[in-house]
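Residue numbers (numbering that gives the first Met the number 0), protein chains in the order written: chain A, 0 to 305; chain B, 0 to 305; chain C, 0 to 305; chain D, 0 to 305.
Note that these hints are calculated values from the structure, not bench results.
Be careful, since some hints might not be right.
Pairs involving identical chains hold if they fit within one copy or between any two copies, as the list cannot separate such chains.
Unchecked claim - With a cut-off of at most 30 Å between alpha-carbon atoms, the simulated DSBU-like pairs for lysine-lysine come out as follows: (1) K178 with K239; (2) K178 with K287; (3) K146 with K93; (4) K178 with K236; (5) K161 with K287; (6) K243 with K230; (7) K146 with K178; (8) K239 with K272; (9) K178 with K243; (10) K178 with K230.
The lines below spell out each chain.
Number of protein chains: 4
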Amino acid sequence: MVKRLPNILRGIVPPMVTPLADRDALDIAGLERLVEHILSGGVSGLFILGTTGEAPDLSYRLRYELLERTCRQVNGRVPVLVGITDTSFVESVKMAAKATEAGAAGLVLAPPYYFPAGQPELLEYIERLAPELPLPLFLYNMPSHTKVFFEPQTVLAASQIKNVVGLKDSSGNMVYFHKLRLTFENRDDFTLLVGPEELLAEAVLLGGHGGVCGGANLYPRLYADLYNAAKAGDLAKCRKLHRKVIQISSTIYSVGRYSSSFVKGLKCALSLKGICNDYLTDPFHRFKAPEREQIRQYLAEVESDM
Amino acid sequence: MVKRLPNILRGIVPPMVTPLADRDALDIAGLERLVEHILSGGVSGLFILGTTGEAPDLSYRLRYELLERTCRQVNGRVPVLVGITDTSFVESVKMAAKATEAGAAGLVLAPPYYFPAGQPELLEYIERLAPELPLPLFLYNMPSHTKVFFEPQTVLAASQIKNVVGLKDSSGNMVYFHKLRLTFENRDDFTLLVGPEELLAEAVLLGGHGGVCGGANLYPRLYADLYNAAKAGDLAKCRKLHRKVIQISSTIYSVGRYSSSFVKGLKCALSLKGICNDYLTDPFHRFKAPEREQIRQYLAEVESDM
Amino acid sequence: MVKRLPNILRGIVPPMVTPLADRDALDIAGLERLVEHILSGGVSGLFILGTTGEAPDLSYRLRYELLERTCRQVNGRVPVLVGITDTSFVESVKMAAKATEAGAAGLVLAPPYYFPAGQPELLEYIERLAPELPLPLFLYNMPSHTKVFFEPQTVLAASQIKNVVGLKDSSGNMVYFHKLRLTFENRDDFTLLVGPEELLAEAVLLGGHGGVCGGANLYPRLYADLYNAAKAGDLAKCRKLHRKVIQISSTIYSVGRYSSSFVKGLKCALSLKGICNDYLTDPFHRFKAPEREQIRQYLAEVESDM
Amino acid sequence: MVKRLPNILRGIVPPMVTPLADRDALDIAGLERLVEHILSGGVSGLFILGTTGEAPDLSYRLRYELLERTCRQVNGRVPVLVGITDTSFVESVKMAAKATEAGAAGLVLAPPYYFPAGQPELLEYIERLAPELPLPLFLYNMPSHTKVFFEPQTVLAASQIKNVVGLKDSSGNMVYFHKLRLTFENRDDFTLLVGPEELLAEAVLLGGHGGVCGGANLYPRLYADLYNAAKAGDLAKCRKLHRKVIQISSTIYSVGRYSSSFVKGLKCALSLKGICNDYLTDPFHRFKAPEREQIRQYLAEVESDM
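Could you build the full structure based on these sequences and the hints that come with them?
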């Protein structure tokens with residue numbers, strides 16, 4: 000059963016981590032528990048095969064398996080969005096076809112991330128790719144990992160393409176986000192989501208449409224509540240929940256060194272809560288005992304007044 | 000007459016542009032008009048010799064003159080903060096002495112900006128410098144221009160020094176800002192101000208203490224109103240004024256290429272409004288006629304529904 | 000027939016462009032001509048599926064086809080090196096198996112290029128991957144595209160692994176290259192090749208073992224001659240040929256904007272010389288008529304005194 | 000007595016460290032010893048108040064004193080070049096006047112280093128500044144510290160200005176250096192010097208005119224010999240001396256963390272050899288005992304086969 004993308008997507012769309020049992024094997028029971036855990040939290044969609052999902056590090060075989068199993072498990076309860084970001088145009092098209100077949104509702108695309116493209120090259124790339132995709136497409140601005148920014152003019156031009164329906168901004172640059180909001184203020188059909196969960200409160204308070212919050216793997220209700228509070232203008236609640244989000248970011252995501260700390264911390268916490276395995280694919284690896292113990296303590300602190 | 004820094008500085012502290020008549024001459028009448036214009040807008044302080052003030056590009060002689068004239072003109076109506084950022088420790092100390100003598104209320108310090116220092120080096124630098132300063136000190140995080148970030152641990156350690164009373168964050172990185180807020184949530188005496196005016200609304204809505212908004216040279220009341228609305232939790236007003244701020248940023252500050260667009264646009268607008276000369280020091284120069292005409296149109300648009 | 004990697008690889012190993020007839024189709028006749036053209040120039044090996052080969056942008060199907068056809072065409076005349084760089088460990092292992100099967104002599108690996116790994120993570124990655132590879136492995140330092148540098152200590156540690164036999168440095172940082180040379184001065188079995196052809200002369204004059212010169216697709220003899228002159232210490236010849244290399248770089252590779260200029264210029268020149276098609280995969284595209292005409296003129300200039 | 004700049008400057012021009020007794024006091028005896036030590040090594044000039052001289056970190060008073068004392072000590076034996084790089088145009092002009100008065104032979108200018116200028120802004124800046132300078136001017140490309148690159152077209156345009164006579168490139172980017180060499184191959188009057196001493200050998204072997212080698216404070220003869228060997232095409236000697244240069248860089252300059260290691264190591268070594276004090280200005284400080292002991296051992300190793 001397929002849940003089509005609503006005309007206007009709003010709210011929390013968690014970027015699901017990929018539960019792994021081994022380098023090339025899904026943690027199948029963990030995946031089922033994780034999907035149920037997330038859906039229980041009042042989210043508006045589910046985004047798989049993104050950065051938090053370690054997509055580029057997975058074999059294609061495993062990506063296809065994850066896609067099928069997740070869509071089957073979700074079974075139309077919320078729309079499933081699928082990352083098709085790839086350095087290869089042909090592999091992106093193939094992944095889009097698989098996603099459509101499996102019953103996904105939409106696609107998410109960051110720029111090809113090996114060669115840094117200029118803006119005209121990037122626009123031409125989207126103009127050629129979008130017509131080959133059978134589903135609505137979200138652009139995904141992720142300059143720290145792709146080296147390339149979707150400049151506002153490029154987004155505006157791309158938004159003229161029929162199936163380009165929104166953008167997820169993970170740049171962390173709220174000046175950029177606000178300028179996009181102003182550019183699209185009369186385009187309610189063009190959805191603007193924010194990536195870093197630490198910025199969810201302000202993005203929604205000031206007109207953004209929702210967030211793709213990694214922490215919603217762990218505490219989906221927290222982020223959904225924060226979204227709802229921000230949308231309703233309940234500032235007191237917003238501040239309280241935002242504080243919790245920053246606390247999570249300052250503790251659970253900050254145990255390791257290097258940029259892998261976020262996914263490592265998140266998977267470790269999910270494992271400690273019995274939801275899924277914390278296996279990470281190369282080049283990363285799960286936390287060892289001391290870091291795991293630290294995460295356990297942080298979880299207790301975070302949950303003490305939740 | 001000196002206005003001492005209040006124990007707890009809150010609100011809008013505009014970073015004043017430096018009105019120039021020539022490469023090494025102040026526009027003295029313009030300076031007087033500008034100070035009066037800004038003070039009429041309900042601001043909480045005045046920050047001179049910062050980035051918006053083109054401080055590093057001015058001769059020391061002119062910096063001292065600006066300092067004296069501004070303090071005299073303000074005459075204790077609001078506290079005057081003075082940038083002492085310098086690559087030379089000795090020159091920073093000297094500027095601080097001059098500021099004290101002139102009646103300034105506080106000092107502002109970004110890292111030395113030629114050699115990029117490591118965090119321990121940066122902390123040691125502050126630990127040596129602060130005791131030599133006769134006034135309260137704000138740290139100034141400005142990585143795009145100084146190459147160096149004030150890491151949260153460095154800020155925390157520096158905040159133990161007696162006269163270090165706050166930080167102005169111009170990184171544009173709100174994740175960082177929120178983490179600092181959480182770190183200092185029980186330290187009401189440590190003031191956290193945000194630099195980019197596009198981020199004022201969210202910074203204050205989520206607990207920040209105010210902003211150092213360049214646009215307050217032009218429209219001081221707009222930023223003061225936005226601060227007050229955010230502080231009071233008047234979200235509807237906040238969104239309306241925030242939209243205006245983003246409109247200004249997307250138009251008046253975006254005419255030229257290069258990072259000099261902001262100051263060029265701001266000075267051009269001030270000149271068009273008859274407040275002060277738009278002369279810029281080297282390596283920059285005022286806009287020519289076509290850009291000036293563009294700014295004139297943008298001003299009309301911005302003010303049409305103000 | 001397989002040409003095994005010599006114990007000590009030295010000389011010019013051109014990174015072959017991938018002749019394409021369409022987005023997912025090889026230019027088969029062009030590929031054959033190109034291989035013959037390159038081999039006629041006195042090169043020491045052939046490197047396929049690297050950056051110049053647009054490898055990350057090709058479908059896996061096409062990569063495998065290229066691999067088989069190239070090895071068959073080369074037929075053991077020189078060792079074939081195959082890029083196995085991938086964000087996915089599993090796909091790298093698979094590509095290595097295919098390469099071995101096809102008769103390749105060695106493998107080339109840059110860091111996974113989506114998530115930026117820390118140095119310990121990077122070393123652990125190589126330590127896990129190398130034992131799964133049936134052929135000798137060259138590391139490939141390419142920070143502009145992978146975001147990650149192989150720090151000297153990481154290279155030193157990795158060089159202890161049995162089948163890690165050398166490094167290709169495309170950082171353009173000759174201080175780094177010289178330091179690596181000193182580190183490995185008593186390790187003649189560890190081959191150090193330089194990537195940017197503009198640095199071939201100095202790399203070899205000062206002890207490096209050769210170069211992976213993109214221009215050798217076009218003028219293989221020029222780079223082989225330069226290598227031989229540098230190795231023989233014929234400085235006059237070296238300067239003359241180096242000048243030609245810089246002239247090529249300043250003209251043929253500098254027609255377009257953006258970082259794609261190099262491959263675009265190279266493929267355009269190969270097309271003009273009737274060697275192979277100049278089709279480029281997305282997100283890039285071949286030069287249009289005006290740029291092509293410019294390249295034609297540059298070719299004439301370059302060849303006027305060759 | 001003044002030594003005017005020769006029409007065509009060639010060879011080694013050491014960037015002198017600034018011997019300090021305290022934060023704002025010269026080590027006068029050390030300065031005299033250092034000048035004599037350097038001049039005894041066969042150098043072609045002396046460059047003061049550059050990056051190695053910690054110029055931006057010194058008070059202006061001390062800069063002027065250093066300028067006068069150095070020129071007096073050198074007494075026309077070699078041309079003295081003086082860094083006038085400043086964020087303030089007016090201070091650059093003032094320093095140039097002081098330098099002229101003191102008997103300097105030339106000036107050295109990197110881009111203003113607080114605000115990053117665009118290339119047209121940078122060119123206009125030089126076009127306005129150069130006519131105000133009474134001495135020949137070298138451009139100084141130092142992007143790691145100034146954030147701005149002198150693009151080749153900017154250098155070419157600037158070289159049309161009467162008193163712009165050369166460029167010192169400290170980018171470490173030899174592709175850039177070689178392209179500049181080709182651009183200026185028929186302009187023997189435009190001197191191209193390389194900054195990083197690790198690149199001296201190749202720069203001169205391939206047509207560059209000399210180097211501004213920090214290590215020549217310590218071992219002036221080594222760098223002068225290397226320059227002469229490279230210029231004479233004595234490749235065997237060149238390789239031997241180049242190896243020593245890389246050894247120095249890999250040991251003495253690599254003791255500390257952070258980018259300050261180079262100057263710290265150099266001053267420590269000079270102190271150990273009894274030449275001058277190792278005091279460094281803020282934000283940096285001299286090595287403590289353990290690092291000093293490490294440098295002592297490295298010195299012994301370096302000198303064991305010199």
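Going down the list of hints, with the structure as the test:
| no. | hint | in the structure |
| --- | --- | --- |
| 1 | K178 with K239 | both (27 Å within a copy, 14 Å between copies) |
| 2 | K178 with K287 | between (43 Å within a copy, 26 Å between copies) |
| 3 | K146 with K93 | both (24 Å within a copy, 27 Å between copies) |
| 4 | K178 with K236 | both (26 Å within a copy, 18 Å between copies) |
| 5 | K161 with K287 | between (48 Å within a copy, 28 Å between copies) |
| 6 | K243 with K230 | both (18 Å within a copy, 20 Å between copies) |
| 7 | K146 with K178 | both (20 Å within a copy, 25 Å between copies) |
| 8 | K239 with K272 | within (23 Å within a copy, 43 Å between copies) |
| 9 | K178 with K243 | both (27 Å within a copy, 11 Å between copies) |
| 10 | K178 with K230 | both (19 Å within a copy, 23 Å between copies) |
Violated hints are absent here; each numbered hint is respected by the structure.
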